[in-house]
Structures are given as structure tokens and as C-alpha cells.
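J.: The lines below spell out each chain.
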Amino acid sequence: MSFIHLIGFGLKVGHLVLMLCYSFLTVISLNSLFINDSQMKPNNNNNTKSNKLWIKFLEIFSRNTSKIHHYYQYIGSDKFRKTWWKKLLILWIAFGTLLSLWVFWYMRSQALETRKDNLTNMCDERARMLQDQFNVSLNHVQAMSILISTFHHGKSPSAIDQETFAKYTERTAFERPLTSGVAYAVRVLDSEREQFEKQQGWTIKKMTPVNKDKYNPEELEPSPIQPEYAPVIFAQETVAHVISLDMLTGMEDCENVLRARELGKGVLTAPLELIKSNRLGVILTFAVYKRDLPSNATPEERIEATDGYLGGVFDIESLVEKLLQQLASKQTIYVNVYDTTNISNPISMYGVDVTDTGLQHVSPLNFGDPSRKHEMRCRFKQKQRWQTLAISTSFGIFVITLLVGHIFHATINRIAKVEDDYHKMSKLKKRAEDADVAKSEFLATVSHEIRTPMNGVLGMLDMLMDTVLDVTQQDYVRTAQASGKALVSLINAVLDQAKIESGKLELEAVRFDLREIFDDVLSLFSGKSQEKGIELAVYISAKVPETLTGDPGRFRQIITNLMGNSIKFTEKGHIFVTVHLLEEAAESIDVETEPSSKDTLSGLPVADRNRSCEGFRPANQVEDPSESVTLIISVEDTGAGIPLEAQHRIFTPFMQVGPSIYRMHGGTGIGLSISKCLVNLMNGEIGFDSVPHIGSTFTFTAVFSNPNEQQVNGQPKSKLEFCGMQAVVVDPRPVRAEVSRYHIQRLGMHVETVSSLTSALSMLTNGSQTVHVVLIEEEVWDRDSSNSSLFFYKLRNSDNPPKLFILTNSIGGSRQYNGICSPAVITKPLRVSMLAASLQRAMGSNRSNDRNGEIPKLSLSKLLIGRKILVVDDNNVNLRVAAGALKKYGAEVVCAENGRKAISLLKPPHSFDACFMDIQMPEMDGFEATRTIRDNEQDINTRIQHGSLSLQDYANVSNWHVPILAMTADVIQATHEQCLKSGMDGYVSKPFEANQLYQEVSRFFL
Amino acid sequence: MELNHTNRQINVTRNSLFEQGYLDEQFTQLEDLQDDVNPNFVEEIVTLFFADSMRLIHNAETALENYPLDFCKLDDYMHQFMGSSSSIGAKKVKNECTQFQECCKVRNADGCTRAFQRVKQEHATLKRKLQTYFQV
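So the sequences go chain by chain: D and X. Numbered per my numbering, the first sequence spans residues 1 to 1006. Numbered per my numbering, the second sequence spans residues 1007 to 1142.
This is chain D alone, in the form it adopts within the complex (with noise of 0.2 Å):
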């Protein structure tokens, strides 16, 4: 049984094996393709040889497992698969049923062959038996006739008569356990009948046979006359009837006692009916002799000594079934004993004729006579029984088979079934990925045709509001434009979209200056936050790099966005961005801006941004630091705060904090997702963290590569003029004297920082160091008026003033001081070059700015608006021109016809903040009005000086300087060096060109 077990267990196995090797075959050839496809670019860098050879080997492999790989796919297929499975299946099948077939066999002539072998040893020991027991019987018979010869023969008298014979046989039947009885006849010879009959007292009477049950001794005739007689005269007194019986008258004994005589050994006769008991028998017969006769005497020898025979009744049946109650087993099997001398007709001593011709075993029956054969034949009772065992067997493992096979049909077939499935995904898959990037392509490709038509649109737009309009068209047209603005936004934020979603988005990798671009950004959110009156400012690490290589667009994009949505967020309070280095980022949140409530930008409580940035990774990269940098840039507002219940998807893609947000900020929901994006891109990371009506904060890091080069550290020229200057901040908040002191840092100043007026005073008087600038908090000018002009007095009054700025968050803020002479005003949020340039203006630097890049109007027209400007030129034309040019940027102009009326209007004290003047004029041409004027200046500035005339009188200004700039068509050297000379302070060319303006403009309006 564990035989079959052992081969169900092993096809199983054996197909689990297979399966397996099938599996494993197909993921080492696609893993080996690859690999090599993998391996193959590195390949071209590296050559080394071992490299190469790898390669050569993987590539051997692949092309073998691959082949293999397409042979199990040949076999994959749907027609050649389902036909060999079948085949095989069937094969299978007849394989099972002649197995279960052959081991009901060989069991089964297992089970005959024990069979056989016990009926050999019951039949053999059975026939030993009885030969041993008749040779027994055998030898006391023998042992008998000794007997007779001695005391019978060898006395005289005899010493043996019948009641003797009788009593010792009788007591000693039991040596003889085969015979039922002994008897001995004489040899009677015919001369000496009559003597015997006398001596005897009976006649010889002939042996014939005789009705069994009237077996009467009386009635047997004397026997014939012949040549010699054999009467028994001694038997055993079971077979006393035969005394007197000659033996030599009954055939068979006559036989008998003729061969026993003449081979002097014991000799059997055929079986017969006993007399009398009628049973079935044989008789064993013994020659008595007259003397002891050599081995090798003759017949004829032995005939005449022979004094007698000696006969032995053998009961065969009787003693058989004797024997045979001795063993066990005896009802198991038949016994049957022949006598086998004439081969042809056996002669049955024993047993019951059995028809059954089944299993016999024959043993041959040696009983001493060599003349006489016998045999033993044995067979079994019963017929064998149903061999239930193999049957079962047989049958069982034929089940098994079946089972196996359909295991095995039900495995191809859901192998099959899986397969077709596997097939139909993949392709349904493919079709899936294909329409997603269909879908982005589509969405990219709308998104640029619209942008192109757009375009033509904004640009048609553009044209029209050139054009004569009256103000309500140009309303719409206005309105038309700003919607179409914003559609374009729109259409490049789901570019954008589409365009990380398709993995289209490749970052540029170019040097670029992060602090340069946090000032544009700055500038292009600072008109928003004066407007609002918020707080706007960036503080930048001193250890990032100056340059750095990655995205700058992107970035701006990011930065943009979250600035952006703070700004739209915040209606009070501050907008604060930092930009430190991870590594540095932990203790410098600590150090820089303590998240109490109380010191923050504004003074208004944030959210934390320790919190949003959490979950980032820790600071401790692995990469090479002097390689890459790892900036966290932090947003931080006091707006609206996004709601908890909104929080969590603020970076899915067109997901709002909700409809009534919507309404009033408008936007798509997509900046923060695409930020997200980028950031991802960048490998870093964003965060937030938000309280509602408090504020949110934005963190996100992002990894840029240093450009190795050691920068010499390249403040821009335009800085240098104030490098190693000294600097004071009043401010009484720490992070935004902070803040202001970063700023005035990249000047390349050095910075202190007080936190009142008392305490800068005291400073400026006790200080060793002179002070050139120092910058005052609007909030801390605006506290104590008194205290504030005491203090502009005293500083006026020392011996090297410095020069005074206010810092103030909204346009126009702090002009209106009524009383007292306001210092000028620095307009936050702080950049660099308008920090630079108020500087420049205030210090009366003549430094032309170096700026020379594309100035926007926009810029002019914020240095300009306002501004109260006297034009001079006798050209009506000209002089409409110039003044129309100067309005467009929003200046207050009065004109001039010629020099005399300029020089009238310009008599301090006036209100011009500048003048413009026309060289080539008739009557007093330009140099000569300037000229005159300048001079008027400087005679009203010295009585000022010496007290003669009030400075109240002039507007409380003691210098009065008017700058003058030269118009002139034609601009030459020489026109040049002349306008200097005669007291101006710079020129422009006559059809004014808006670079060159700015650049003259801003000296002094700056």
C-alpha cells in the first residue's frame, strides 16, 4: 500500500516539479533579457574583460532559456497544447490500468506460490511420518522373525507355542503401531504333511475367499496337494482365523512368501481385502531361516533354508487416519495414498476420491520393499480463496490513476484557463495604459492648440486696447484680457498636469542664483502686499551656495504657487519664506523662529512648521554634500488656515477646500498638486501644517547639485559701493530684524540690530564705530512721534549723520507725517536692489545703476508716480510729447515754454521733484537756465546755512537741489560734459526711450 502511496506522492511531485521548472525558466529568461538590456549601457563604460565575458555568458543563457522559454510557449499554444495534454492524458490512463492490472497478477501468483509450498511441506511431512512409522512397524517385525528362529526353529522342543505367540504379540502390538496383526507360518513340505497334520492336530486348509460376514473356518476346504505348504501355526490374536491357512494357496500371499523367501528382506504385497475384517490392507512378509545366510547368498540358497514366514497385517486405512488425527491441520487438506507399482492403474490404499482437480502435491512413500511403489497425493480442502487483497490493490491503484488523471486535466486546464485569462488582462491592460496616455497626450496636445489660438486672442486683445476706445469698451476689453490671462494659466497649470502625469516633465539642470530669483519673486508679489498692507519677506540661510544647479523656472513655479495662495489666504499678518539647508535645519528653526505666538514676522501666531515637516526624511543624507544641497524652504502665513476636514487632500489635483473658498479666491486646485509634483521631481518632499484662522505652513525640500566651482564671493558690483558700511536696525521683534539684517548683509554692510530708539541712540552717541545707516521699523517710528523726531534732531545734529530709512509694508504709509521732516521710506518687502538703490539715492551716489537689462514700465511708473516734474522746451511738440510720456508713468508734469518761466517756477521753494529740460531753446537756451537756477539754489542753501533766511520758509529743506536733466536730440560727448558743467545732473535723449529714463530717473527717485 505505501508502495502505491509512494507513487501517487510522486507524480504529484513530479508534476509540481514540472510546473516549477516551467515557471523558473520563463521569469530567468526574462530576467536574463533584462539584465542584459540593463547591463548593456554600463557595458560601454566599463570594459573590463571579466565585465564582457559575464555579459557573453548571460547572453548564451538568455538565448537558451529563451528557447526553452519558446518551446514551452509552443507548447502554450491553444491547438497543440489541448491535443498533446490529451494524448497524454489518455496515455496516462492505459498506463494506470495495466499496472493495476499486472499487480493483481503478481500478487496473486504470490499468494498460489505460498499456496503450493505449504501443500509441499504438510504433503512431505505428512508421508515422512508415515514411512517412519512403518519402518518402525517394519523393524520389530523383522525383529520378530528373529524371534521365531531362535526360540521357535533353534529349540527343540519349541519353546513358542500359540498362546505365547499370541500373549507376546499381543503385548507388544504397540511397537508395531502400523500392523493389526502378526502371524507365522511354517514351511511345510508335501513328504512331511501328514507328520504336521498329526503333530498338529489339523489339516492344511486352502485359503480361498469367503463371504466377509460368514467368515466360518470350519467350512474351508484342506488344501490341494503340492509340493510344499505353508500353514500359519502362530497369529496374534486379532488374525487368530488364519491359523491352519496355507499361505502359499492365496495369490497374493503365495507371491509374497515366494519373493520374501528369495530376497531374505521384508516385501509388501499389493493392497487386498483383509480376511474376515474385509478391510483394506497389505501384508508384510518375512523370511525365516535355518541359519544366518551371507548378504550375497543366492535364491536358490535362501529357498532352502527357509524355515518359515513371518506376516504382518498392515491396516492402511486405519493406521492412515491414525497418523493423521496426530498433526494439526488435518481438516485443511486431503490425503490420499496409491500404490503405484503398475504406474498405469494406481491402486488407492487411502483417502476419498475427490473430484476436485485443483492444487495437488504428490510425495513419494518408501516402505522397503523396492519392488513395490507408493505415493502420498495431497490437495487442499477448500478452493482458494478470493483474492480480496489484490483485488482491492489493483483496483485501488486504478482509482488512484484516474484521480491523478484528473488532477492532471483539471491543472491544464485551469492552467489554460488562467493563461487565456492572463492574456486577456495583459491585453486589456495595454488597452488601459494605452488610452491613459492617450489621455495625456490628448490633454497636452488640447492644451497646446488652445494656448496657440489663445495667444492670437491675448495678442488681438493687446491690439485693440491700442486702439480708440471709449471706457466701457475698454472695460471689457480689459476684463476680456485678465479672463483670457487666466485661462492661459489655467491651460499651463494642466499642461503642467498632463505633462507630469505622462512622466513628460524633465527638469533643466542650469546654474542659476536662488537669491535672485526669491527677489523676483518678491517684486512680483510685493504690489499684492502693500496693497493688503501685509508683511511680505524672505530670509535665506547664509549657507546656502550662492549658486546652485537645478530648475529655476520650476522652482519659481513652486514657489509661486504656495506663495501665491498665501497671499490670496492672508488679509493680515505676514507672509514669511526661509530657505535653510536641511543639515542646518533643525537647530535653525529653533534659533531663528522660536514658534512661540509672540515672536513671530507680524506678532500674529502661526502654525508650526516643525509639524510640517514631520514626516520628511531625516537630515543625514547620504549623498555627497559639497555635491548636492538639500534645501527646506518654509511658507509661512497668517491667513485663513485650511480646515481639518480639507486637509487631507489638498494635493489631489483639482480638489478645493470647498466651493465657498472657490467663489471667493477662484483658482483650479492644481498648484498645489503640480507643486507637489515638481517637488517630487526634485527628490524632495512637502509638508504642511495648518490651524485654521491662524495660519498654514508649507514645507518642502528639494535637492539641487552645487556647482563645485569656488565662487569668489560675488556680491554684484552694484553692492560694492557699500561693502564694510555700518548698519542699525531698530526693530524690537528678533526674526524680523533678523529678516531686515539678511537683507542688508548681501549689501555686504555690517548689521547691529536695537530694539528701541533710546537704546539706538545711545548706541550712535557711545559707539566708536561711525554709523552710516540706520533703518527704523515704521511701527516703532509710528509709537511715539515725539520721541521719533527727538530723535531724527539728535541725529541730524551729530557730526557725521547718518542717513535715516523708515521700513514700512504699505505704499505711501508713513508721508503723511504732518510736523516733521520724514526720513525716507524703504518699502518692504526688502530686495536687494531696492535696498541698493534707496541707498544709492540717499547716499547721493552718481554711480550710474547697474542695471542695464530690460526695465518694465512698471517699474518706471513706480518710481515716477507721483513725482511733480517741470518740462522746459520751446517746441510745443516736443514739450506735449514729453509730457505725455512722463504722465503715461503716472508723474505730476507742469510745462515750461522757455528757460526764464523755468527758472521762475524753479525759485525755492517749489514743489518739482525734477526737471527736464531742452538744451537748444531760443532766448536761454538749457545750459544757461540750469545754470541760473543752480546758482539761485546755492545763494538760497548758504543763507539757509547762515540763518538769514527760516528754514520753515523752505519746506524744512536746508540743500535744495532740483535735479535738472538735459532733453536733447542729438547726444554727444561733448553735450555731455556741458550739461555737468553747468549744473546738471544727467541727460536723456529726445524721443524719451524708456531704459534710458529709468536709468537717469532712478537716481534720484529711488
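Errors might be hidden in some of the hints.
[Unchecked claim] FRET-style restraints, in silico, Cβ to Cβ: (1) G1117/X to D513/D: 56 to 62 Å; (2) G1027/X to M465/D: 50 to 56 Å; (3) P909/D to A1057/X: 34 to 40 Å; (4) E508/D to G1027/X: 29 to 35 Å; (5) M465/D to P1074/X: 43 to 49 Å; (6) G1117/X to R900/D: 34 to 40 Å; (7) S1022/X to M465/D: 20 to 26 Å; (8) T1119/X to M465/D: 45 to 51 Å; (9) N492/D to N1021/X: 30 to 36 Å; (10) A1057/X to Q938/D: 35 to 41 Å; (11) R900/D to Y1073/X: 41 to 47 Å; (12) H976/D to H1011/X: 28 to 34 Å.
[To be verified] Looking from chain D toward chain X, a few residues come up when the C-beta cut is under 7 Å (computed): (13) K322; (14) N875; (15) V877; (16) V881; (17) G884.
Simulated from the structure, these hints should not be mistaken for laboratory data. All residues carry an ideal CB built from backbone N, CA and C; glycine is no exception.
Assemble chain X onto chain D, guided by the hints.
T.: Just chain X now, with coordinates in the frame of chain D:
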């Protein structure tokens, strides 16, 4: 459609003025200065220019009739003329004025007369063209 047609006509006229060299980018700048505060700024300026230039031409004409020619005076007139024409971007007129001034410098009376004729001619052409342009 009507508006569209008119617009196109304006554009065509304007472009032809630039292409034929009557005007230069200064005119564009003037157009830039025009805004909702000064909706008819360019027209105003141009009208002013023509009024001014008529006066100058008249003055120059008178000066040319006197003998001997006062080149200084002529130069002065032409300087003014040139300044105003460059202000509105009347390129051709400006060029002719420059030529006139050159003649004045070398005191070439005949050249001056001829140059003046050309200035007048260009001026007249420009006036005509601009008038049609503004009428449209």
C-alpha cells in the same frame, strides 16, 4: 464686419506709412503714450505738429526770400522743425530737414532752396497721408 473692415483698413494704412518710410518707431511710442487719460493724444500731437510746422515753414519761406540768406536763422528754424518732426517720428521730413541743415552749414543757397522745396513736399505728403489715416 463693418468694424472689422475698418480696423483692417486702419492697419493697412498705418503699415503703409511705416513701409514707405514716412514714419518711424517714434510714432509707435507716441501711440504707446495714448491711454484712457489722453485718448486722442497722437492726433493732438500731430495737429499741433502741423500747426507748428506751418508756422516754421512760413518763417523759413520768408527768410529764403530775403537776400542775402540768413543761414543762421534758417538753421535755427530747421532745428526746431527737425526736433518736432523727430518727436512725432516723421522720418522723411526729418531727413529732408537734416539735408537742409547741411546746406545751411556750407552756405549753399541753391541747395537750401531745393532742400526747402523737398521739405515742403514731404511735409505736404505726410500731412495728406496722416489726415486720411486719422479720418479713417
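J.: Does each hint fit the structure? Answer for all of them.
T.: Hints, verified against the model:
For the hinted restraint 56 to 62 Å between G1117/X and D513/D, the CB-CB distance of approximately 58 Å keeps it satisfied. Range check, G1027/X to M465/D: about 27 Å between beta-carbon atoms, so the 50 to 56 Å window is missed. At roughly 36 Å, the beta carbons of P909/D and A1057/X sit within the given window of 34 to 40 Å. Range check, E508/D to G1027/X: about 44 Å between beta-carbon atoms, so the 29 to 35 Å window is missed.
For M465/D and P1074/X, the Cβ-Cβ distance of about 55 Å falls outside the hinted range of 43 to 49 Å, so the restraint is violated. Remark: the range hint 34 to 40 Å for G1117/X to R900/D is upheld by a beta-carbon distance near 36 Å. Distance hint check: the CB atoms of S1022/X and M465/D are about 23 Å apart, consistent with the given range 20 to 26 Å. Distance hint for T1119/X and M465/D: a CB-CB separation of about 46 Å, consistent with the stated range 45 to 51 Å.
At about 32 Å, the beta-carbon gap between N492/D and N1021/X stays in the expected band of 30 to 36 Å. Hint check: A1057/X to Q938/D, Cβ distance near 40 Å, so the stated range 35 to 41 Å holds. Separated by about 33 Å at the C-beta atoms, R900/D and Y1073/X break the suggested range of 41 to 47 Å. Taken as a hint, the range 28 to 34 Å is violated for the pair H976/D and H1011/X, whose Cβ atoms sit roughly 50 Å apart.
Because the beta carbon of K322/D sits about 147 Å from the nearest beta carbon in chain X, more than 7 Å, this interface hint is broken. At its closest, the beta carbon of N875/D sits 5 Å from a beta carbon of chain X; the interface hint therefore holds under the 7 Å criterion. Satisfaction of the interface hint for V877/D is found here, the shortest Cβ-Cβ separation to chain X being roughly 4 Å, below the 7 Å cut-off. Because the smallest distance between the Cβ of V881/D and any Cβ of chain X comes to about 5 Å, under 7 Å, the interface hint for this residue holds.
Taking 7 Å as the C-beta contact cut-off toward chain X, the hint placing G884/D at the interface holds, the least distance being around 4 Å.
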